[in-house]
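Based on the provided sequences and hints, a complete structural model is requested.
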Amino acid sequence: MSIFTDSGQTLEDFADTMYVCCPKCHKRAYVKRMATDEEMILANGADDSGSERFKRSFSSRKLSCLHCSYTRIWRGNTRGGRGQYDWYFGLPLWLQIPCCGNILWAFNEEHLRFLERYVMAEQRLKFSAGGQIRNTTMASRLPAWIKSAKNRDEILKGIARLKKLLETSLCFILL
Numbered sequence: 001m002s003i004f005t006d007s008g009q010t011l012e013d014f015a016d017t018m019y020v021c022c023p024k025c026h027k028r029a030y031v032k033r034m035a036t037d038e039e040m041i042l043a044n045g046a047d048d049s050g051s052e053r054f055k056r057s058f059s060s061r062k063l064s065c066l067h068c069s070y071t072r073i074w075r076g077n078t079r080g081g082r083g084q085y086d087w088y089f090g091l092p093l094w095l096q097i098p099c100c101g102n103i104l105w106a107f108n109e110e111h112l113r114f115l116e117r118y119v120m121a122e123q124r125l126k127f128s129a130g131g132q133i134r135n136t137t138m139a140s141r142l143p144a145w146i147k148s149a150k151n152r153d154e155i156l157k158g159i160a161r162l163k164k165l166l167e168t169s170l171c172f173i174l175l
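Mapping to full-length UniProt numbering: the sequence shown position 143 is 143, numbers consecutive.
Derived from the structure by calculation, the hints contain no laboratory data.
Mimicking EDC-like on lysine to aspartate or glutamate, the simulated pairs with C-alpha atoms at most 16 Å apart in a straight line are:
no.: 1; residue 1: K32; residue 2: E109
no.: 2; residue 1: K147; residue 2: E122
no.: 3; residue 1: K32; residue 2: D13
no.: 4; residue 1: K164; residue 2: E116
no.: 5; residue 1: K157; residue 2: E116
no.: 6; residue 1: K164; residue 2: E110
no.: 7; residue 1: K126; residue 2: D6
no.: 8; residue 1: K32; residue 2: D16
no.: 9; residue 1: K147; residue 2: D6
no.: 10; residue 1: K147; residue 2: E116
no.: 11; residue 1: K62; residue 2: D16
no.: 12; residue 1: K150; residue 2: E122
no.: 13; residue 1: K32; residue 2: E12
no.: 14; residue 1: K163; residue 2: E110
See below:
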């Protein structure tokens with residue numbers, strides 16, 4: 001029996017790099033977090049507490065397309081979209097497909113591997129911090145349709161399709 005143990009990761013932990021559809025050429029582009037000068041200096045001893053992760057989610061972002069050289073910088077103080085759109089430019093995520101009457105999406109390979117481990121597991125152990133269960137982890141916040149064992153096979157097929165999207169450069173999402 002496979003077991004998934006919630007490590008306490010939040011969605012923000014996967015958001016340093018997001019694959020998106022380039023608004024200019026419709027090929028795969030990247031939204032990456034830009035490290036601040038302070039982070040560069042303190043990189044070895046940086047605090048990785050929840051508040052630091054939250055602050056990091058508001059640091060500047062750069063949108064880059066390696067195919068057409070399109071670039072933009074985000075230096076805002078509020079974030080937009082959720083779900084199958086990036087939080088900073090509102091662009092459709094590269095890794096998204098219809099699944100179980102919903103949209104299955106991931107920011108990047110690491111996020112996709114997390115979802116695969118979670119869905120494959122027959123037993124899922126909750127994250128415990130100091131003996132208390134936290135309801136802020138990504139695993140605890142997944143939608144019910146992803147948590148449902150009855151959807152396991154279809155979701156795993158969807159994850160396999162998303163993995164194949166990583167090998168392509170043209171966006172198949174209607175913009």
